[in-house]
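S.K.: Chains H and E, in that order, are what the protein sequence lines are.
Residue numbering for the first sequence follows the working numbering, beginning at 496 and increasing consecutively.
Residue numbering for the second sequence follows the working numbering, beginning at 37 and increasing consecutively.
In short, the hints are calculated from the structure, not lab data.
Be a bit skeptical, because a hint or two may be false.
25 Å max Cα-Cα, derived DMTMM-like pairs, lysine to aspartate or glutamate [to be verified]:
| id | chain 1 | residue 1 | chain 2 | residue 2 |
| --- | --- | --- | --- | --- |
| 1 | E | K116 | H | D555 |
| 2 | H | K533 | H | D523 |
| 3 | E | K120 | H | E586 |
| 4 | H | K533 | E | E119 |
| 5 | H | K533 | H | E586 |
| 6 | E | K120 | H | D523 |
| 7 | E | K116 | H | E497 |
| 8 | H | K533 | H | E590 |
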Amino acid sequence: MEILVIIFLLAGMFFFVVGVVGLLRLPDVYCRLHATTKCDTLGAGLILFGLVLFAGISVDSVKLLLIILFIWLTNPTASHIIAHAAYRNNEPTAEGTHTLDKTERGAACD
Amino acid sequence: MLETVFVAFAVLLSAATFLCLFRAVLGPSAADRVVAINVIGTKAVVIISLISFAFHQEYFLDVAIVYALISFVATVGIAKYLEKGSLE
Numbered sequence: 496m497e498i499l500v501i502i503f504l505l506a507g508m509f510f511f512v513v514g515v516v517g518l519l520r521l522p523d524v525y526c527r528l529h530a531t532t533k534c535d536t537l538g539a540g541l542i543l544f545g546l547v548l549f550a551g552i553s554v555d556s557v558k559l560l561l562i563i564l565f566i567w568l569t570n571p572t573a574s575h576i577i578a579h580a581a582y583r584n585n586e587p588t589a590e591g592t593h594t595l596d597k598t599e600r601g602a603a604c605d
Numbered sequence: 037m038l039e040t041v042f043v044a045f046a047v048l049l050s051a052a053t054f055l056c057l058f059r060a061v062l063g064p065s066a067a068d069r070v071v072a073i074n075v076i077g078t079k080a081v082v083i084i085s086l087i088s089f090a091f092h093q094e095y096f097l098d099v100a101i102v103y104a105l106i107s108f109v110a111t112v113g114i115a116k117y118l119e120k121g122s123l124e
């Protein structure tokens with residue numbers, strides 16, 4: 496069981512590190528959101544699930560499962576809201592970005 | 037024995053959080069900073085959970101729940117302010 500917990504923690508840590516590298520290296524806001532949202536959601540889920548295995552059946556593991564559920568609901572929502580705000584705010588995209596937006600603004604980006 | 041591992045992972049996650057802080061400080065636009073703060077919030081929840089099991093203070097998990105809630109509300113508020121210029 497201890498080895499299983501450590502495997503879950505290592506997997507979560509791997510995804511967190513990938514997310515941080517993406518946050519630091521990718522060229523614009525949308526790419527950074529793309530990297531960090533998925534990696535953080537999965538990484539937090541894996542590490543907290545490892546802690547659930549460590550806690551066993553108790554009130555603590557119910558609380559941890561609540562935190563996992565809440566992070567899985569709110570993290571994608573928050574990222575969507577940030578991306579929407581950035582898009583409406585006319586954040587510049589990286590060099591060489593192609594857009595399939597058919598509205599007036601998308602045509603202006605082309 | 038696993039408690040030591042939890043402390044080690046908390047320290048590693050703190051180092052990752054410090055790297056995110058670079059993007060929050062440097063980030064060319066305000067949206068970049070919001071992304072970085074959102075990431076730091078998620079990492080803080082995980083660090084609090086790890087610390088609570090490392091030192092057998094399980095009631096810290098309540099703090100983690102409240103931190104996750106408040107971090108989400110803060111992100112939504114800042115994003116709305118970015119989009120509309122006010123919180124009306």
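S.K.: Need the status of pair K533 of chain H, E119 of chain E: alpha-carbon distance at most 25 Å?
M.R.: Since the Cα atoms of K533 of chain H and E119 of chain E sit roughly 23 Å apart, the hinted pair holds (cutoff 25 Å).
S.K.: Please work out if K533 of chain H and E586 of chain H have their alpha carbons no farther apart than 25 Å.
M.R.: 21 Å, holds
S.K.: When you check the alpha-carbon spacing of K120 of chain E and D523 of chain H, does it fall within 25 Å?
M.R.: Roughly 21 Å between the alpha carbons, so the hint for K120 of chain E and D523 of chain H holds.
S.K.: Does D523 of chain H lie within 25 Å of K533 of chain H when you go C-alpha to C-alpha?
M.R.: 16 Å, holds
S.K.: Are the Cα atoms of K116 of chain E and D555 of chain H separated by 25 Å or less?
M.R.: Roughly 34 Å between the alpha carbons, so the hint for K116 of chain E and D555 of chain H is violated.
S.K.: Check whether the Cα positions of K533 of chain H and E590 of chain H lie no farther apart than 25 Å.
M.R.: 23 Å, holds
S.K.: Are the Cα positions of K116 of chain E and E497 of chain H separated by 25 Å at most?
M.R.: 44 Å, violated
S.K.: CA of K120 of chain E to CA of E586 of chain H, is that 25 Å or under?
M.R.: 14 Å, holds
Against the hints set out earlier in the document, violations occur for numbers 1, 7.
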